[in-house]
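2 protein chains.
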Amino acid sequence: MPRIEIDLPLSLKTALEQEAARSGKDLGAHIRAILADHLKAEVHTVFQISTSGALVAGVYDREVSVGALLEHGDFGLGTFAGLDGEMVVLDGKAFQARAGGEVHEAPADAGSPFAVVTRFSADQVGETEGVSSFDGLGAACDCFRSSNNIFHAVRLDGRFKRVKARAVCPPKPGTLLADAAKTQSEFTFEDVDGTLVGIWSPAYSAEFSVEGYHFHFLSDDRSQGGHVLEVEAGPLKIAVENLTDFHLILPETEHFLKANLDQDVAATLSSVERSHS
Amino acid sequence: MPRIEIDLPLSLKTALEQEAARSGKDLGAHIRAILADHLKAEVHTVFQISTSGALVAGVYDREVSVGALLEHGDFGLGTFAGLDGEMVVLDGKAFQARAGGEVHEAPADAGSPFAVVTRFSADQVGETEGVSSFDGLGAACDCFRSSNNIFHAVRLDGRFKRVKARAVCPPKPGTLLADAAKTQSEFTFEDVDGTLVGIWSPAYSAEFSVEGYHFHFLSDDRSQGGHVLEVEAGPLKIAVENLTDFHLILPETEHFLKANLDQDVAATLSSVERSHS
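In the order they appear, the protein sequences are chains A and B.
For what it's worth, numbering that gives the first Met the number 0 labels the leading residue of the first sequence as 0, then goes sequentially.
For what it's worth, numbering that gives the first Met the number 0 labels the leading residue of the second sequence as 0, then goes sequentially.
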């Protein structure tokens with residue numbers, strides 16, 4: 000086994016020695032176990048920041064920086080502080096789609112109140128049939144999911160005939176999501192190469208996540224994107240990852256801790272996420 | 000900074016070097032960051048194995064060993080493979096309460112299908128008023144919770160006038176929880192020193208966790224325990240931990256993946272968890 004030397008702050012070394020003593024291991028074995036766990040945790044783990052219920056209740060504050068988020072995953076979706084557009088995380092970069100569907104790469108210090116990311120590694124790959132609607136897209140993806148009881152990351156690549164999308168616009172502070180959605184910007188992309196970045200969440204997560212499929216779009220040239228409302232496409236390359244480790248990181252802000260989350264999150268989201276103006 | 004030498008398997012070293020390169024750190028800095036994250040993750044994190052909905056649907060298989068569970072926490076509750084009694088995790092040990100309320104320490108290789116544990120560190124401590132019912136206990140604990148939107152671990156120590164408790168008995172394989180609960184064993188402890196080990200879960204977790212307070216009891220002499228149905232006690236010492244990191248580890252077994260979880264978990268649990276025969 001290769002031997003390496005590392006410098007450890009005394010406080011860290013002491014705390015690790017105490018842990019190792021509790022579990023009856025020596026320090027080296029304990030550190031090896033932590034490092035191995037860390038690598039294992041990188042696979043099939045989804046990190047969610049905050050809850051969809053908090054968004055519905057108007058908690059849009061900066062909770063995490065884009066830079067910190069990207070340490071937990073290279074694929075996923077979310078929104079920005081103040082509901083300033085849609086976030087698409089793809090191939091390790093975070094993009095911001097604003098009103099009109101214009102996209103730019105988000106800086107590392109941009110803030111997010113809600114996001115779901117994973118380090119994408121496919122368990123199933125294949126090709127879908129052509130699809131002519133959002134529901135048809137879901138049905139095509141269903142063939143590649145192994146269970147209704149775990150989370151999944153879904154990536155679709157190819158040419159899109161039509162993508163109808165939206166981007167939220169920053170509402171006045173305190174506006175509830177249902178009201179903010181009324182001022183969202185909707186737009187349609189046609190005949191464009193791109194990627195659908197999706198997370199599928201099980202029914203039991205309906206009150207804190209987004210039940211079923213949730214897709215954001217990003218064009219190959221990184222100039223167009225948004226939250227997907229409708230889609231028409233020929234056959235698409237599909238890759239699906241099974242997510243059996245769900246890590247929910249809750250905000251510790253006064254705004255989140257005091258928010259009234261006793262609302263029918265699933266019904267509101269279903270209306271907001273799928274609605275067309 | 001103290002320097003330490005550790006032996007790392009080549010595969011682990013290579014994978015860590017690749018990660019370090021991706022984030023632009025050197026190997027030592029990367030390992031320091033992982034170890035620091037690990038220690039931080041030990042605080043305010045709750046690990047839940049499987050979902051309450053899976054239990055309701057009859058998924059009681061061994062998912063994790065008691066030994067592995069204790070690596071994630073020293074405080075919490077759960078049940079055993081085959082629904083063989085109630086689990087109480089206290090001060091780093093796991094105890095098994097079976098029919099009649101008799102308790103023994105569970106061996107490290109005992110299996111669990113569902114458990115919730117944390118490494119307990121109190122954020123609030125104090126003393127409750129005397130309580131004369133389960134609901135009264137909840138009201139007394141509410142004064143020490145800072146939010147309805149995060150999870151909490153709750154520990155109460157003192158003398159109990161009366162604890163009415165139950166332990167599930169192993170049902171035939173495939174029995175649903177609601178039916179299994181009909182054959183549970185109920186018993187009452189009187190005038191006993193002990194500890195209530197509790198987890199409080201927010202409303203949005205009702206479909207995968209146990210909404211509100213969920214308490215298991217363990218006597219100081221480790222001879223009596225079970226799932227708490229009713230309680231009468233004088234003032235109790237209380238310690239409450241805020242849990243803002245929720246880590247849900249989903250089973251990868253065929254039984255879990257194929258289970259029908261489309262049931263009203265919250266209603267069934269409310270009936271099963273609180274019911275008296």
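Treat the hints as calculated values from the structure; they're not laboratory data.
Wrong hints could be hidden among the right ones.
Intra- or inter-copy, both count: the list cannot distinguish identical chains.
[Said to hold, decoys possible] Distance condition first, Cα-Cα at most 27 Å in a straight line; then the derived DSS-like pairs of lysine-lysine:
(1) Lys171 x Lys24
(2) Lys92 x Lys12
(3) Lys181 x Lys12
(4) Lys24 x Lys39
(5) Lys12 x Lys171
(6) Lys92 x Lys39
(7) Lys12 x Lys24
(8) Lys160 x Lys171
(9) Lys12 x Lys257
These figures come from a predicted structure and were not determined experimentally.
Consistency of the hints with the structure:
Taking CA atoms no more than 27 Å apart as the test, Lys171 paired with Lys24 passes in neither setting, with 54 Å inside one copy and 40 Å between copies. With identical chains, the CA atoms of Lys92 and Lys12 are at most 27 Å apart between copies only, with a shortest distance of 25 Å across copies and 33 Å within one. In this assembly of identical chains, Lys181 and Lys12 lie within 27 Å of each other by CA distance neither inside one copy nor across copies; the values are 53 Å within and 51 Å between. With identical chains, the CA atoms of Lys24 and Lys39 are at most 27 Å apart both within one copy (20 Å) and between copies (20 Å).
Taking CA atoms no more than 27 Å apart as the test, Lys12 paired with Lys171 passes in neither setting, with 47 Å inside one copy and 49 Å between copies. When the C-alpha separation of Lys92 and Lys39 is checked against a cutoff of 27 Å, the pair qualifies both within a copy, at 22 Å, and between copies, at 26 Å. In this homomeric assembly, Lys12 and Lys24 come within 27 Å of each other (Cα to Cα) both inside a single copy, at 14 Å, and across copies, at 20 Å. Within a single copy, Lys160 and Lys171 get their C-alpha atoms no closer than 35 Å, and across copies no closer than 54 Å, so neither meets the 27 Å cut-off.
Proximity of Lys12 to Lys257 under the C-alpha cut-off of 27 Å is found in neither arrangement, the shortest distances being 37 Å within a copy and 44 Å between copies.
In summary, the structure is inconsistent with hints 1, 3, 5, 8 and 9 from the numbered list given earlier, while agreeing with the others.
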